[in-house]
Every structure is written in structure tokens, then in C-alpha cells.
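S.K.: Using the sequences plus the hints, can you model the full thing?
This is what each chain is made of:
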Amino acid sequence: MRVRFFLVRFVLMLLVVGLAGSRAAWAHVGSKDVFEQVDAGPYRLYVTVRTPTVIPGVAAIEVRSSGAAVDAIRITPLPMTGEASKHPPTPDAMVRSVSDPAFFTGNLWMMAAGSWEVRFEVSGAGGEQVVSVPVPAVPLNTLKMQRRMGLTLGVLGLFLVISMAGIVAAAVREARLQPGAVASAERRRRAAIATAGSLVLMGLMVWGGAKWWNVEAASYSADIYRPLGVEPVLAGNQLDLKVTAYEPADDLRERRWRLNDDFLPDHGHLMHLYAIRQPEMDAVFHLHPVLAGAGDFRIALPAMPAGEYKLYGDVVHANGFPETLVASLTVPEGMAGGALSSDDAVGSPQPLSRGMLGSSYTLPDGYVMVWDKPETVTANTAYSLRFRLLDSEGEPAADMQPYLGMAGHAAFVKADGTVFAHTHPQGSAAMAAVMLANGDGSGATPMDMQMDMPMHAAPISNTVEFPYGFPASGRYRIFVQMKHGETVETGAFDVEVQ
Amino acid sequence: MASPAWSASQTGVLAKERAAAVGAAVPWYVWWGVLAVTSASIGGAWDVSWHRSIGRDTFWTPAHMAIYACGVIAAVICGYLIFATTFGRSAEMKSASVSVLGFRAPLGAFIAAWGGIAMLTSAPFDNWWHAAYGLDVKIVSPPHTLLILGIRGVAVGVLFLILAAMNRAAAEGGEAGERSFKALQRLFLYLGGLMVGGQMFFLMEYTWDVSLHSVSAYIAMAIGLPLFLALLSQASRYRWAATAAASVYTIFVIGEILILPLFPAQPKLGPVFFPVTHFVPAKFPILILVPALALDLLWQRTRDWKPWRIALASGIVFIAVLTVVEWPFASFLLSKASENRFFGTIYFDYNSRPDGIDRLRQFFRPSEGFALYFGLVRAAVYASIGTWVGLLFGRWMRSVQR
Chain A
562 MRVRFFLVRF
572 VLMLLVVGLA
582 GSRAAWAHVG
592 SKDVFEQVDA
602 GPYRLYVTVR
612 TPTVIPGVAA
622 IEVRSSGAAV
632 DAIRITPLPM
642 TGEASKHPPT
652 PDAMVRSVSD
662 PAFFTGNLWM
672 MAAGSWEVRF
682 EVSGAGGEQV
692 VSVPVPAVPL
702 NTLKMQRRMG
712 LTLGVLGLFL
722 VISMAGIVAA
732 AVREARLQPG
742 AVASAERRRR
752 AAIATAGSLV
762 LMGLMVWGGA
772 KWWNVEAASY
782 SADIYRPLGV
792 EPVLAGNQLD
802 LKVTAYEPAD
812 DLRERRWRLN
822 DDFLPDHGHL
832 MHLYAIRQPE
842 MDAVFHLHPV
852 LAGAGDFRIA
862 LPAMPAGEYK
872 LYGDVVHANG
882 FPETLVASLT
892 VPEGMAGGAL
902 SSDDAVGSPQ
912 PLSRGMLGSS
922 YTLPDGYVMV
932 WDKPETVTAN
942 TAYSLRFRLL
952 DSEGEPAADM
962 QPYLGMAGHA
972 AFVKADGTVF
982 AHTHPQGSAA
992 MAAVMLANGD
1002 GSGATPMDMQ
1012 MDMPMHAAPI
1022 SNTVEFPYGF
1032 PASGRYRIFV
1042 QMKHGETVET
1052 GAFDVEVQ
Chain B
191 MASPAWSASQ
201 TGVLAKERAA
211 AVGAAVPWYV
221 WWGVLAVTSA
231 SIGGAWDVSW
241 HRSIGRDTFW
251 TPAHMAIYAC
261 GVIAAVICGY
271 LIFATTFGRS
281 AEMKSASVSV
291 LGFRAPLGAF
301 IAAWGGIAML
311 TSAPFDNWWH
321 AAYGLDVKIV
331 SPPHTLLILG
341 IRGVAVGVLF
351 LILAAMNRAA
361 AEGGEAGERS
371 FKALQRLFLY
381 LGGLMVGGQM
391 FFLMEYTWDV
401 SLHSVSAYIA
411 MAIGLPLFLA
421 LLSQASRYRW
431 AATAAASVYT
441 IFVIGEILIL
451 PLFPAQPKLG
461 PVFFPVTHFV
471 PAKFPILILV
481 PALALDLLWQ
491 RTRDWKPWRI
501 ALASGIVFIA
511 VLTVVEWPFA
521 SFLLSKASEN
531 RFFGTIYFDY
541 NSRPDGIDRL
551 RQFFRPSEGF
561 ALYFGLVRAA
571 VYASIGTWVG
581 LLFGRWMRSV
591 QR
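Quick mapping for you: the protein sequence lines, in order, are chains A and B.
Residues 562 to 1059 (the numbering used here) make up the first sequence, in order.
Residues 191 to 592 (the numbering used here) make up the second sequence, in order.
Read the hints as simulated data drawn from the structure, not as lab findings.
Be careful, since some hints might not be right.
[As the list claims (entries may be wrong)] Interface residues of chain B toward chain A, partial, derived using beta-carbon atoms under 7 angstroms:
no., residue
1, V290
2, A321
3, I449
4, F453
5, Q456
6, L459
7, P461
8, P544
9, R592
[Said to hold, decoys possible] Result set (SDA-like, lysine to any residue): computed pairs, CA atoms no more than 20 angstroms apart in a straight line:
no., chain 1, residue 1, chain 2, residue 2
10, A, K705, B, L325
11, A, K934, A, L924
12, A, K803, A, K934
13, B, K458, A, R635
14, A, K705, B, R429
15, B, K458, A, G667
16, A, K934, A, P957
17, A, K647, B, A322
18, A, K772, A, S782
19, A, K647, A, A633
20, B, K458, B, F538
21, B, K458, A, S782
22, B, K458, A, A633
23, B, K372, B, L225
24, B, K284, A, V659
25, A, K934, A, T1024
26, B, K458, A, E644
27, B, K284, A, P957
28, B, K458, A, K803
29, A, K803, A, L890
30, A, K647, B, H468
31, B, K284, A, A744
Glycine included, every Cβ here is placed at the ideal spot set by N, Cα and C.
M.R.: Following this line, the structure appears as C-alpha cells:
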């Protein structure tokens, strides 16, 4: 319920140019937007969802279509699970670009924090098709008042106070006089007192309003998304990750939906843990701890070079909400490590300080991973980043295998540690969430989700594309994993994003 | 406080207005002012319904149009009054005006103009608020409070415009004066009723039917209502002023319940928990009509009392009668018996969860025992203070001439 006015936009246009611009205090480890490639029957859509930083807020949606010709796309936001997933609101038509008929744009309100999907109803040469993309929506920051805005409001507020004091003075001085009569000195004196009194009263009101504002702002700040807390405990090479469930202060307002034992298997694992040695990013492990009990992930670590590691643990909750849990771990000298399990992967690229890695990365077994790198890479642009695996002869690798059910996995990590995104050829959304969004949301349980193992019956290509957009400029290291024969390869590439 | 008598010359100054009073009785700008506030009241109720039924809006929804029509009309009549009085040649307009920051106009015109500027100020503030913290899904936020203060400013301004004309007509006396007075008094009470409705609108989140066994609902009404009722009673000089104002609110809201669900509306936002097909109306009005009637009866019998005594008695009567009436009525509203088109407990927002307290038809955090009794005493104290302020201000208003 809210009351909004014509004046809002009118004055907005006059006064509030350049208000947009948010602090980079993003969660999901810095990469909030969704880049996803989905197939809807004969249509292929590259979907970009730029989620709002405040909730409720507007998500901007872009679709580039390929495959069969698309005439129209309608979009609907709805929660992925629960009662509301059964009652879609009326859909919105996306706007088709005049100059580029394969490009569509639209906006959707995300009215509550949680695990959403955007449903795309596509019509065109291949008839009507429906496909959904998961969109996690959480408040990520609040804005500070900008100087110009503050000044404008301050001036208007001051005018309101002064003019109200003037009205009070006039009311006391003249309002009760007969028409034509002149105010006596006594009335004028009383008017002066009333003016002073009204100024004090309004001062108190402004002060009270400011206090109220602070309380409201603090309450919004308390709602800002933070990933579940995780505490790593290392004994020998046994790593325990103790995860704390999210407990909202008001159980009635915010239903509990980020527990520490409600995880869905994603590619057959409840957690995908990246351990990256800091600050040089010269050792990277992709591991899979198992859930031993509520909030207790465990793994016997393989042999790892000693040092400080940043841990990024990807999990997906039962409602399809993905999270990356972040922690730091010190691996001591001489830690006795076990063998790497068959689903795990390791890479040891050169340290960041040794300079930029190129677009070709030679792997320990002589294979070469190549990145068809765009000439320039700019922030907030949606890309399909293509990587190829070549054998030691420089020929396309012939014995390709799916790795964890996919043609490849990629992790985009900013050198300063503010961005981490683990993505797949379908895009940046978690596969478990994609399947939940496109299945029968209401009936899906963690047990139903076990079917995600062998995704590719068709032969795996040696070329893989990852839809992704870098959220900010700066230096990134990209880790790409592909499998041939029994070997999981981890290639590494550096990029300076403009 | 008795109104001063007219001198012969002063009556002459207002000859033109008095002549008009015989025919039309009410100055043209008063009609427009009343129309403006009516428009904002309907627009506000409609807009709330819009957000509960459809969810998403554009600027150009009829509800928004109705609300800002209030600002536009107020701007036109206040602008006219201020400029015509300040720069015009009419001595009669000048003589019945006050001076604020160098401009001259009737006091009500300045108050209404102030309300318009407050509305304008709230606009960028509200917009920034949405960008900073997300779109607020509630009425009582700092920018909305400023906005509502602005709308209330327009209403109070129009109230003063009526009042000054009314008080001049009363002072004038005679048949024409009497007729003008009666016509203006009716408009004054109608506008007062809309303002009481505005107060209840502002308190909506505290007086939701499932909250009516919580003491906070009674405290909210104790702070918000008796002041207005006492003020209207004093300023209007009408024996049944509180009853009349409460009736306007009651009829307005019942009208909303009967009319809005006739029109189809579908949610355009998720999450949709309740499949809404038609506009969702307000909850059934609080039975403030009964305590208002009790206050009128009390005030008719205590004219000679000192204001503080009247206020004390009024606070106790108001809270006692309100509680005795509304408490069991709230139980009725949560029962199956009220689930019909008249009491309207069959309507829910599109985003009301099936396990939410509203849909479950259960009282939200009901008060009991000491907390309840102490809370009601506290409410009676607030109601007394409000009545006292309302009585004094209302008496002062009675002599406003300009």
C-alpha cells in the first residue's frame, strides 16, 4: 500500500538527475545479475536479468533470441516455490527493439526478497513455448542521500518551516480581526511569541522525524542480504564447515527460507567449494564437501600447498535460492592431504604478480585450453565467453567427457576478491534452481532433484561457451574446468575488464 | 469567545459578498476546495485498493489523477486568492486577509498553499526513499507522512476558508446570514468528516480488523480522533458535529466496500497468494460513530464545565464506548457471520499469505490482563489531552474572520 503521485515523477525529472548509482556492496560475492542461455522449444534465448539492489525494486530484463524467429515475448515474475508459485500475475509484454528485431527488453517489479523465477512465454515461428529463469532477489544496499538532493530537500523543508511560522504569526495576529481592522501592539507581541513557539515545535518535529528516519534506515539496513555465516574448522586435513541458519528477527514477516540443512543437490553435490590461495590465486581447488548433519559440511582435504585460502561454497536452498558462503582458511605447512576424488579438480596457474595470463593455457598433461577472447571486455556487458580444449597436437580434444554433468564449469574471480561467480554453459544461475524453475515447483523436493547427473547424452564438444557479464571493471582471473578421458583440466586466464 | 459585532462600514465592505450570499450563499472557491479534498479522499482510497488488487501502477492511474487533482485545484484557488488579494485592487478582499511573508490572502489560502508545497516536497523525497530503501509497501513512512501532512494542509486550509466565511455570516446575522451560515456549516461538517476519514486512513495499519483486540489500535485512535472531533464540534457550533463527521467517514467506507468490488482488477505483480479478481475495498469502518455520538451527548450537557473537566470526561467516555462497541464487533468481523459483501471480510490483498494472520482470521497479538487495562487507561489519557487541545483550538477557530 502506498500513495504515489504525479508530482513524484514530475519533480523527479526536474531535480533528480543522476541519483542512480549504488555502492558496490553486493552479495552473491559481487555478481548479482543473471546471465542465462535457455532453450524454449526451437527458440534460444540469451537472457540478462539485472536485479534491483533494493527490494521491492525493478529488475531490467534483456533477451537476445536466436534459433526460430521470435515474434513476441511475455514475462511474468513469480516465486519459485510455495503457494504464490501457483498464482502467476498477469504477464507483461517485452518491447522489441526497432533496429534489432531479435532483441527484447522489459522491466519487472520484484516485490519481496526471495527465490524468484521469470517466466518467458515465447511466441513465433515455432509456436508458443514457455521457459523460466531463476532470479534470486535480495536487498543488497541502501543509498546515502546525495548532496544535491539533500540541498534541494533542505531548502524546501526550510521554506516549509519558515512559511508555517509566518502562517502561525498571521493566524495569531490577524485571523480573528474584523475585516479591515488593524492588529494591536498586544496582538503583534503575541504573534511574535507564537512564531517563536511554532519554530520550537517544528524544530522538535523535524528532530523527531530525523530520529524516525534513522530507525527506518536501520531497519532497512538490517534486512540487507548477508550470506549464511560459515566457520571453517580444520583438524589435520579434515575440514568442517559450520553453517549458521538465517534467523529473521520477525518470523511472521519473513518466512524462514535460508536454513542450514535445506540444500538441493546441484550437479549431484550439495556444495561446490572453491578454495583459492590468496593473494596470488596460484592454487585453486574445486571440492565437494558432504553434509554430515544440519549445518555441518565435511571434507578430507587433498594435499594443498600451505597458505591462506579464500573459500567460496556454492549451495542451493530448497526454494531454489543460491548462495555463496565465504570463509578464509589457513592451510598449515606439511598438512597431510588425501587423494583428490574423481569429481574434484585442481589447478596451479602462475601467481597474479607474475603478470597477465594469456588466452592460451598449457595444461600439465600437454593439452591446451584456448580462450577466444574478445578484443576488449567491458563491465556490465553480457558476453558468451568461448573456450576450447585442444590436445597436445593442437587438434580439438577428441575424448571429451561431461564434468559434473556439464561440458564445463567456470569461475570468475576478481583479483581483489570482491567478485566470485561459479557458472556453467547455461549461465550464471544454479542448475538446481533452473530445473526447479522449469519443473513443477510446488511438488519438487530435494529427493526429486537427484536426476541432474548425466545431462548430456549427446557427445560433448571440445568448445564451451559461458554466458556472463563482469559486474565491475578491474582484473579478473577465470578458472575453466573441462574433462577429457579421466582427466579434469583446470585452465586459467586473466582479463582486464574496462 | 463571542464574535465581535460588525460596524456599519465593515458590513458595507462585504456588501458584495453578502449579496452573493442571498443567492449562492457559499463563495465559489469554497466549493472548489471541498471538491479538491473530496477528490483526494476518493483517490487515496482508490489508490490503496489499486495497490492491494493490481499492485503495479503507472503515474496515470485514475486514482493518482484524483489525488493530484486536489493539489491542482488547491494551487489554482490559492494562487488566485493570494495574487488577487495581494496585487488586486479589491479593498474588500484585502480587508478580510492576513499577511504572510509579504503576501496577502485569507488565512485558509496560505494554509492550503503550504499543504501543496509540502506535497511537492514529499515527491522527490519519496522517490529518493524508494531508490534508497526499496519501494515502501506501507503508508506510514517519513515521506508519506509529509505527503499526507500536505494533503491535510490543503484540507485544513479549505476548512479555514469555510470557517472565515461562516463566522462572518454568523456575525452578520439576519436571514441571509443564517442561510449562508447553514450552507457553510454543512460543508464544514462534510469536510470535517473527510478529515476524520483521513485520520482513519492514516491509522489503517494499526486498526486492521485483526488488530482490534490489541491495545495499540485504541491508543492510535485515542491520539488521532478526539482532537478532531472536539475541534469540529467547537468550530462548527453544531450539536451533533462529531456524529455528523463520523457518519461521513462511515458512509464513505461502506460505500467503498459496496462499490469497489464491482469493478474487475487482476494482480500485475507477484507474489500472488490470493487470486484477486476485483478491486479490494477497505476493511469495514471502525464503529467510531457510537463514541462520537456519546461525545456529542456529553458535550451538550457539559457546556458550563471547564475545558479540562470536559476533556477528562471525554477521554474516558471515548475510550470506554469505543472499546465496549468495537471489541465484540471485531470478534464478529473475524467470524463466519461477517463473510459477506456488506461487512467485506471476504476480500484480501493479492499478496496476503494463506498462513498469514489476516487470511487465518485470527487476532494479531491480542492484549490482555494488565497490559490491556493499563493500555486503555493510557489511551484515555491521550484522548483527554487530544480533546483538550481540540476544544481550545476549536474555540479559537470560532472567531476566525479572515
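S.K.: If a hint holds in the structure, say so; if it does not, say that too.
M.R.: Outcome of the hint check:
A least Cβ separation of about 4 angstroms between V290 of chain B and chain A falls short of the 7 angstroms threshold, and the interface hint therefore holds. Interface restraint check: A321 of chain B against chain A, minimum CB-CB distance 6 angstroms, threshold 7 angstroms, status holds. Nearest Cβ of chain A to the Cβ of I449 of chain B: about 19 angstroms, over the 7 angstroms cut. The hint is violated. Checking F453 of chain B against chain A: minimum C-beta separation of about 16 angstroms lies over 7 angstroms; hint violated.
A least Cβ separation of about 5 angstroms between Q456 of chain B and chain A falls short of the 7 angstroms threshold, and the interface hint therefore holds. A cut of 7 angstroms between beta carbons decides the hint on L459 of chain B: the least distance to chain A is about 5 angstroms, and the hint holds. Satisfaction of the interface hint for P461 of chain B is found here, the shortest Cβ-Cβ separation to chain A being roughly 3 angstroms, below the 7 angstroms cut-off. For the restraint placing P544 of chain B at the interface with chain A, the shortest Cβ-Cβ distance is roughly 5 angstroms, inside the 7 angstroms limit, so the hint holds.
Proximity of R592 of chain B to chain A holds as hinted, the smallest CB-CB distance being about 5 angstroms (cut-off 7 angstroms). Proposed proximity of K705 of chain A and L325 of chain B is supported: the alpha carbons are some 16 angstroms apart, at most 20 angstroms. A C-alpha spacing of about 18 angstroms is found between K934 of chain A and L924 of chain A, which places the hinted pair at or below 20 angstroms, so the restraint holds. For a cut-off of 20 angstroms, the pair hint linking K803 of chain A to K934 of chain A is broken: about 39 angstroms separates their Cα positions.
About 13 angstroms separates the Cα atoms of K458 of chain B and R635 of chain A, which keeps this hinted pair within 20 angstroms; it holds. Proximity of K705 of chain A to R429 of chain B is assessed by CA-CA distance (about 52 angstroms); at most 20 angstroms being required, the pair is judged violated. Distance hint between K458 of chain B and G667 of chain A is fulfilled; the C-alpha atoms sit about 14 angstroms from each other, no more than 20 angstroms. For the proposed pair K934 of chain A and P957 of chain A, the alpha carbon gap of about 18 angstroms is at most 20 angstroms, so the pair holds.
For the proposed pair K647 of chain A and A322 of chain B, the alpha carbon gap of about 31 angstroms is over 20 angstroms, so the pair is violated. For a cut-off of 20 angstroms, the pair hint linking K772 of chain A to S782 of chain A stands: about 15 angstroms separates their Cα positions. Between K647 of chain A and A633 of chain A the CA atoms are separated by roughly 24 angstroms; this puts the pair beyond 20 angstroms, and the hint is violated. With a CA separation close to 15 angstroms, the supplied pair K458 of chain B and F538 of chain B stays within the 20 angstroms bound.
Distance check on the hinted pair: K458 of chain B and S782 of chain A sit about 28 angstroms apart at the alpha-carbon level, beyond 20 angstroms; violated. About 19 angstroms separates the Cα atoms of K458 of chain B and A633 of chain A, which keeps this hinted pair within 20 angstroms; it holds. Distance hint between K372 of chain B and L225 of chain B is fulfilled; the C-alpha atoms sit about 18 angstroms from each other, no more than 20 angstroms. Taken as a hint, the K284 of chain B and V659 of chain A pair is broken in the structure, with Cα atoms around 60 angstroms apart against an allowance of 20 angstroms.
With a CA separation close to 13 angstroms, the supplied pair K934 of chain A and T1024 of chain A stays within the 20 angstroms bound. Using a Cα cut-off of 20 angstroms, the hinted pair K458 of chain B and E644 of chain A holds, with the two alpha carbons roughly 17 angstroms apart. At most 20 angstroms may separate the alpha-carbon atoms for a hinted pair to count; K284 of chain B and P957 of chain A exceed this at roughly 93 angstroms. Restraint check for K458 of chain B and K803 of chain A: not satisfied, since their Cα atoms lie roughly 41 angstroms apart, outside the 20 angstroms limit.
Among the hinted pairs, K803 of chain A with L890 of chain A is consistent with the structure: their alpha-carbon atoms are about 13 angstroms apart, no more than 20 angstroms. A distance of roughly 19 angstroms separates the Cα atoms of K647 of chain A and H468 of chain B; the hinted pair therefore holds under the 20 angstroms criterion. Between the alpha carbons of K284 of chain B and A744 of chain A the distance comes to roughly 14 angstroms, so the proposed pair stays at or under 20 angstroms and holds.
Checked against the numbered hints given earlier, this structure breaks hints 3, 4, 12, 14, 17, 19, 21, 24, 27, 28; the rest are met.
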